[in-house]
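S.K.: Here is how the chains run, residue by residue.
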Amino acid sequence: MSATPLLELRGIDKSFGPVQVLRDVALTVHPGEVTALVGDNGAGKSTLVKCISGIHPSDAGEFLFNGEPVHIGSPRDAATLGIEVVYQDLALCDNLDIVQNMFLGRERRSGIVLDEPTMEQLAAETLAGLSIRTVTSLRQHVSSLSGGQRQTVAIAKAVLWNSKLVILDEPTAALGVAQTAQVLELVRRLADNGLAVVLISHNMNDVFAVSDRIAALYLGQMVAQVKTTDITHAQVVELITAGRSGGLGLATDPGSNGDGPEPADSISGGVR
Amino acid sequence: MTTTAVRKDGPAAVTPAPTVGGHVRNYLSRVRGGDVGALPAVLGLIVLCTVFAILRPSSFLSAGNFANLFTQGAAVTLIAMGLVFVLLLGEIDLSAGFASGVCAAVLANVVTVLGYPWWVAVLAAVATGVVIGTTLGMLVAKIGIPSFVVTLAGFLAFQGVVLLLVQEGTNISVRDEVLVAIANRNLAPTLGWALTALAVVGYGAVQLLRHRNRVARGLITDPIAVLALRIGGLAVILGTAMYVLNLERSRNVLIVSLKGVPIVVPIIAVLLVIWTFVLQRTSYGRHIYAVGGNREAARRAGIDVDRIRISVFVICSSMAAIGGIVAASRANSVDPNTGGSNVLLYAVGAAVIGGTSLFGGKGRVLDAVLGGAVVAVIENGMGLMGYDAGVKYVVTGVVLLLAASVDALSRRRAAATGSR
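So the sequence lines, in the order shown, correspond to chains A and B.
So for the first sequence, the numbering used here puts the first residue at 1; every next one is plus one.
So for the second sequence, the numbering used here puts the first residue at 273; every next one is plus one.
It is worth saying that the hints were derived from the structure and are not from the lab.
Bear in mind that the values here come from a model prediction, so they are computed numbers and not experimental data.
From the three backbone atoms N, C-alpha and C, an ideal C-beta is built for every residue, glycine too.
A couple of the hints might just be wrong.
Stated by the list, open to error - Residues from chain A that face chain B, not an exhaustive set, calculated with beta carbons under 8 Å:
{"id": "1", "residue": "Gly17"}
{"id": "2", "residue": "Pro18"}
{"id": "3", "residue": "Leu92"}
To be verified - For each label pair, taking beta carbons as the anchor points, the in silico distance ranges come out as:
{"id": "4", "chain 1": "B", "residue 1": "Ala676", "chain 2": "A", "residue 2": "Asn205", "range": "56 to 62 Å"}
{"id": "5", "chain 1": "B", "residue 1": "Ala500", "chain 2": "A", "residue 2": "Trp161", "range": "36 to 42 Å"}
{"id": "6", "chain 1": "B", "residue 1": "Phe549", "chain 2": "A", "residue 2": "Asn41", "range": "37 to 43 Å"}
{"id": "7", "chain 1": "A", "residue 1": "Asn41", "chain 2": "B", "residue 2": "Val666", "range": "52 to 58 Å"}
{"id": "8", "chain 1": "A", "residue 1": "Gln140", "chain 2": "B", "residue 2": "Ala469", "range": "33 to 39 Å"}
{"id": "9", "chain 1": "A", "residue 1": "Thr4", "chain 2": "B", "residue 2": "Phe549", "range": "46 to 52 Å"}
{"id": "10", "chain 1": "A", "residue 1": "Asn162", "chain 2": "B", "residue 2": "Ala429", "range": "49 to 55 Å"}
{"id": "11", "chain 1": "B", "residue 1": "Ala500", "chain 2": "A", "residue 2": "Ala128", "range": "27 to 33 Å"}
Said to hold, decoys possible - A few chain B positions that, by computed beta-carbon distances, are all more than 10 Å from chain A:
{"id": "12", "residue": "Arg304"}
{"id": "13", "residue": "Asn443"}
{"id": "14", "residue": "Leu491"}
{"id": "15", "residue": "Ile509"}
{"id": "16", "residue": "Pro538"}
{"id": "17", "residue": "Ile546"}
{"id": "18", "residue": "Ile575"}
{"id": "19", "residue": "Asp607"}
Sequences are here, hints too, so could you generate the full structure?
M.R.: Structure (structure tokens):
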């Protein structure tokens with residue numbers, strides 16, 4: 001869609017002690033697109049997200065944000081760049097209402113007093129901008145919301161901060177059919193509003209429903225990053241489970257130490 | 273895509289103005305959903321007062337006894353107000369009672385033994401509270417010892433400190449005019465009325481300004497009738513109390529006239545307003561609720577969780593210091609039992625009876641005042657009934673247990689109806 005990717009990772013390595021979790025990973029994320037990050041349990045999806053969000057800074061590799069090299073050493077760095085992560089466990093406070101949750105830690109104040117009307121207005125505008133109509137009152141406590149509504153609030157919270165990149169960690173994992181549809185619709189809308197979205201999911205239906213590109217991780221290596229239209233359901237499953245599928249993915253034995261794949265759209269093979 | 277989702281034109285759209293009936297229905301559904309708030313305390317207060325009024329009409333309902341209730345319950349209420357902050361994080365401070373004793377002993381030593389003016393003694397007592405709170409908070413937040421253990425150790429140690437400060441069992445009298453006046457003198461009736469008017473007008477102005485601001489921005493507001501009811505209710509309650517307290521309470525007017533609001537009442541009222549403002553209107557207060565509701569979420573939101581945890585212990589111990597000052601004023605002295613025996617449990621009871629959750633995340637400073645009133649009425653009424661201390665303890669224990677059960681049950685109910 002866009003010429004310069006919003007975020008480009010090159011050669012990311014990450015080890016926890018003797019365990020190498022990410023090996024020479026490359027990833028490109030474009031604005032206005034949903035990039036699905038798929039992979040089996042332990043493939044390194046969460047670790048990669050934590051590297052991007054600054055929770056676990058990477059050991060080696062380059063980060064390019066809008067084409068500029070950047071260093072992300074802490075969650076604060078990531079937030080400053082406009083990277084927001086919506087975690088699986090949502091990180092909402094049940095005893096606070098929607099507005100309070102959306103502004104948590106970044107409250108608007110006039111003097112020392114909280115500026116509630118402004119916060120409520122901004123929250124309402126954000127939700128309206130995302131065409132979210134499922135919440136009846138912004139002053140509802142989060143404890144009274146359904147799983148889908150909570151996910152909606154968590155996503156809206158991430159969008160509130162003029163964020164450029166939103167990373168969603170399994171947003172539909174705990175949801176029913178109708179709520180999943182709502183959340184996926186919201187994910188699509190984020191991208192249509194010009195944000196770059198990274199969606200982590202185990203659910204192939206979700207991935208094919210909303211993503212523009214699919215990036216597959218296999219045992220800590222990025223085995224493929226392709227357009228969703230260029231790949232089939234079965235091929236993605238093969239990439240996730242075996243690391244290769246036909247001409248895609250690792251050309252050789254997946255256990256070997258391959259060079260990283262080339263970024264975006266290319267079909268890469270691990271070269272010995 | 274999903275048609276069921278379309279309920280209105282979006283959250284920003286102006287919904288039809290809520291009605292009084294809708295407001296009431298809203299409240300009732302919240303109560304049914306487990307959010308009972310201070311309702312048990314208010315109902316309990318009404319029931320207790322009715323029972324005692326029927327059984328002991330002449331003594332319980334007298335103006336003198338009404339004034340007594342305030343001075344009796346003041347120290348416990350003040351300690352409970354501080355405890356609310358600790359309870360909001362789901363922590364506990366078992367040392368608050370004896371912390372108030374230590375601070376009272378410091379006060380008595382500074383003013384009586386060392387002979388400094390009253391305000392130096394008050395500052396010293398509050399500073400002692402701040403030091404105690406900082407120490408407890410550091411041990412809980414930085415070292416990671418459960419607050420139960422830290423403050424249990426504090427409970428024992430401070431008991432010893434009080435003994436040491438009052439020289440093994442003697443007592444230190446507090447004779448300073450100003451300090452004694454806190455719990456034993458009254459405001460002039462006209463001043464009392466002026467403060468009442470100020471409180472009602474101030475409350476009304478804040479409510480109306482907020483209402484106007486929200487209307488101007490097109491946000492959903494409470495109906496103006498509800499506002500009027502709130503302001504009118506406050507005016508009626510304060511006005512009635514003020515009228516009764518301004519009646520002559522002296523048995524013999526020729527010897528001494530006794531009327532007006534006990535000075536400790538406006539002290540509690542001012543602290544109530546300040547702490548309510550801090551909790552409801554500042555980001556610090558918001559962060560306390562957040563840490564109490566979901567500590568991990570608060571941490572991820574960039575809130576300095578350790579700082580919040582330490583600060584609530586500082587507030588709690590400082591309020592305990594103020595409670596200790598009031599207790600010393602009321603007794604005219606400090607002895608090894610100041611802040612001891614049932615003070616702590618009464619204070620925890622007051623906070624919980626008022627509707628503050630022991631699980632954290634839910635509670636208001638007003639809860640401590642309402643719960644403190646319940647505790648004071650039980651103590652006072654049972655005393656008038658001629659029951660001995662044993663029965664009083666048992667009854668207060670049962671009431672505390674009842675309040676904790678209401679808290680636990682309403683939590684379960686809220687969890688059950690949460691995903692409606």
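S.K.: Could you run down the list of hints and mark each one as holding or not?
M.R.: Each hint tested on the structure:
1. Gly17: 24 Å, violated
2. Pro18: 28 Å, violated
3. Leu92: 6 Å, holds
4. B:Ala676 <-> A:Asn205: 56 to 62 Å: 47 Å, violated
5. B:Ala500 <-> A:Trp161: 36 to 42 Å: 39 Å, holds
6. B:Phe549 <-> A:Asn41: 37 to 43 Å: Check failed, 49 Å falls outside 37 to 43 Å.
7. A:Asn41 <-> B:Val666: 52 to 58 Å: At roughly 57 Å between Cβ atoms, Val666 (chain B) and Asn41 (chain A) fall inside 52 to 58 Å, so the hint holds.
8. A:Gln140 <-> B:Ala469: 33 to 39 Å: At 37 Å between Cβs, range holds.
9. A:Thr4 <-> B:Phe549: 46 to 52 Å: 49 Å, holds
10. A:Asn162 <-> B:Ala429: 49 to 55 Å: 52 Å, holds
11. B:Ala500 <-> A:Ala128: 27 to 33 Å: 32 Å, holds
12. Arg304: 12 Å, holds
13. Asn443: Given a closest Cβ separation of 42 Å, the condition holds.
14. Leu491: The assertion about Leu491 (chain B) is violated, with a minimum of 6 Å to chain A.
15. Ile509: 26 Å, holds
16. Pro538: The claim stands: Pro538 (chain B) keeps its Cβ more than 10 Å from every Cβ of chain A (closest is about 23 Å).
17. Ile546: 12 Å, holds
18. Ile575: For Ile575 (chain B), whose nearest Cβ neighbour in chain A is about 5 Å away, the distance does not exceed 10 Å, so it is violated.
19. Asp607: Answer for Asp607 (chain B): holds, closest chain A Cβ roughly 41 Å.
Hint check: violations occur at hints 1, 2, 4, 6, 14, 18; the rest are consistent with the structure.
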